[in-house]
Amino acid sequence: MNIAEKTEAKIKEEIVRAVKSAGLASEEEIPGVVLEQPKDKQHGDYATNMAMQLARVAKKNPRQIAEDIIEHFDKSKASIEEMEIAGPGFINFRMDNTYLAELVSSILEEKEGYGKREGKRGERIQVEFVSANPTGTLHLGHARGAAIGDALCNIMDAAGYDVEREYYINDAGSQITKLAYSVEARYMQALGKEWAMPEDGYQGPDIVELGKQLAEEEADKWAEASEQERHRHFRQSGLRYALSKIEKDLSDFRVPFDEWFSETSLYEENSIEAAIEVLKEKDLVYEEEGATWFKTTEYGDDKDRVLVKNDGTYTYLAPDIAYHKNKLDRGFDTLINIWGADHHGYIPRMTAAIQALGYGKDTLEVEIIQMVNLFQNGEKVKMSKRTGKAVTLRELMDEVGVDAMRYFFAMRSSDSHLDFDIDLARSESNENPVYYIQYAHARITTMLQQAKEKGLYSDEFDGSLLTAEKEIDLLKRLGEFPQIVEDAAVNRTPHRVTQYAFDLASNLHSFYNAEKVLDAEHPARTASRIKLMEAVKQTLRNALALVGVEAPEKM
RNA sequence: GUCCCAAUAGCUCAGCUGGAUAGAGCAACAGCCUUCUAAGCUGUAGGUCGUAGGUUCGAAUCCUACUUGGGACACCA
Numbered sequence: 001m002n003i004a005e006k007t008e009a010k011i012k013e014e015i016v017r018a019v020k021s022a023g024l025a026s027e028e029e030i031p032g033v034v035l036e037q038p039k040d041k042q043h044g045d046y047a048t049n050m051a052m053q054l055a056r057v058a059k060k061n062p063r064q065i066a067e068d069i070i071e072h073f074d075k076s077k078a079s080i081e082e083m084e085i086a087g088p089g090f091i092n093f094r095m096d097n098t099y100l101a102e103l104v105s106s107i108l109e110e111k112e113g114y115g116k117r118e119g120k121r122g123e124r125i126q127v128e129f130v131s132a133n134p135t136g137t138l139h140l141g142h143a144r145g146a147a148i149g150d151a152l153c154n155i156m157d158a159a160g161y162d163v164e165r166e167y168y169i170n171d172a173g174s175q176i177t178k179l180a181y182s183v184e185a186r187y188m189q190a191l192g193k194e195w196a197m198p199e200d201g202y203q204g205p206d207i208v209e210l211g212k213q214l215a216e217e218e219a220d221k222w223a224e225a226s227e228q229e230r231h232r233h234f235r236q237s238g239l240r241y242a243l244s245k246i247e248k249d250l251s252d253f254r255v256p257f258d259e260w261f262s263e264t265s266l267y268e269e270n271s272i273e274a275a276i277e278v279l280k281e282k283d284l285v286y287e288e289e290g291a292t293w294f295k296t297t298e299y300g301d302d303k304d305r306v307l308v309k310n311d312g313t314y315t316y317l318a319p320d321i322a323y324h325k326n327k328l329d330r331g332f333d334t335l336i337n338i339w340g341a342d343h344h345g346y347i348p349r350m351t352a353a354i355q356a357l358g359y360g361k362d363t364l365e366v367e368i369i370q371m372v373n374l375f376q377n378g379e380k381v382k383m384s385k386r387t388g389k390a391v392t393l394r395e396l397m398d399e400v401g402v403d404a405m406r407y408f409f410a411m412r413s414s415d416s417h418l419d420f421d422i423d424l425a426r427s428e429s430n431e432n433p434v435y436y437i438q439y440a441h442a443r444i445t446t447m448l449q450q451a452k453e454k455g456l457y458s459d460e461f462d463g464s465l466l467t468a469e470k471e472i473d474l475l476k477r478l479g480e481f482p483q484i485v486e487d488a489a490v491n492r493t494p495h496r497v498t499q500y501a502f503d504l505a506s507n508l509h510s511f512y513n514a515e516k517v518l519d520a521e522h523p524a525r526t527a528s529r530i531k532l533m534e535a536v537k538q539t540l541r542n543a544l545a546l547v548g549v550e551a552p553e554k555m
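Sequence positions in the first sequence follow full-length UniProt numbering and run 1 to 555.
Fair warning: there could be bad hints in the mix.
Said to hold, decoys possible - Restricting the straight-line Cα-Cα distance to at most 35 Å, the calculated cross-link-like pairs of lysine-lysine (DSBU-like) are:
1) K554 <-> K111
2) K248 <-> K111
3) K554 <-> K476
4) K75 <-> K120
Unchecked claim - Distance ranges between label pairs, derived from CB positions:
5) D503 <-> D423: 19 to 27 Å
6) D74 <-> G32: 15 to 23 Å
7) S265 <-> K361: 24 to 32 Å
Derived by calculation from the structure, the hints in this document are not laboratory data. Cβ atoms here follow ideal geometry from the backbone N, Cα and C, with glycine treated the same way.
From just these sequences and the hints, can you work out the full model?
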């Protein structure tokens, strides 16, 4: 348990004890203790609504109950300096602040570990995200999914979950066949042959490039090969090419995966038939009009869905069910899928599949990522200037940098649309939250360097010297971090961490302007403040790392 | 027509699973550099939380209906 948690646990424990010894309620009647940090400093460091919650049970008015609780509360057991009743029956706690001093040394001991939960939860979570078709390049929608997915994984990992990141490669469908024919055509054209592109083939310049490359490397050896062999070859080269581009984009975007799962492997292992067989055994499959249907309506879907079309081929749903069965067979407790907003209509049928396979409907969680709108010069940019198509991850990365992109894409709740202002993301000013936060980190670095140069640096630390208002604010903010990580993980809300980094930076700048750290006349206080600065620096780094943003030493 | 998401300050958004006088940033206005990075700080102003009901000690938060915006409703992936 970290310090903030310990402190809160002590207070909660003492509240329960006080309620019991005041005879207000029996053990079972006491509701879960709600302890919150009031927004308004006037209301102290913590507050509880216990008295209001007990109003019905104890049949007394809340203020009277609050008085009883305070009377039986042992302040010394929970580092409380003062308690008071406020409003309709809140009990406000003011801490004696000595507990905050411990925080600095504990952060400096834990280093990268500060904010991370000590033990594991023993819960295995798989997060599948991005999973773009390997037929083209990643665009902005994928980029936001990647940024949020990676941040969520980092955060959940820090909060003690066992997290695995997976990319599902759709390498079996008809779009890959289309890709193969497109590569083939470009290859033939590069050899100077007349060869028409397939209808609605992939027209992008990268395929033209690939065709040329293949023609150079392999000369005309495939022009002579059998159609089947040739097709298989171009399918593979096309796939390998598209995938390697995607991998490169993602790794430059600092988004690693543990597993790249191939759809084709499901066919090779007959997993799709096996999955359908499971549904059949449960009598959830029927034939109609030459097609095979899955009774998703049994689980609340609007209509049943087709698994096998009347031409004998699978719909996308069939391999998807097999894929999710495969995931479940691997023993994950929870599957999290991160999907673009345009896929939200598939949630009911996938949830139906999960239940049909014998798992609870909460086993699958789908996080929907809303769309991104780009803005430049105050106007909405829809199309890429270069390609005339949707703006790619690569283009924006080149334009604004990874840090800005990672931060901006994760800074808003994923279920609200994101307006991405290119000018703001590039601007080196206080309006740009990324620069604002990174600047705080760089500022501290400079102070620490100067402290050493001026011989003011020492390992002495005396928390009782940190009493300025801005120092206390800063300390309290530092203490919140583990709880923020926990909340962000449990609620799947990575934007809380970006928000936190911003708030911490804000406290730092505010402190910086109000108090002087390096002061030769007060060496003891200077030394203690330096330690505080190191703790802030560490916490900023840790928070930024969770969302994939670098913390520069100098700017 | 059905379903999902959103609606909070002029703009972009938070609001921690129901709490006190709803918060930030930008924009506006007024200030702060002979001092550790002004890429910063301080202050002022700005609100019928889309509308109407309901649930209860208490609602931006939960429920219902409606309005507006976006998206989804294939034997396409």
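Of the numbered hints stated previously, which ones are contradicted by the structure, given in increasing order? none
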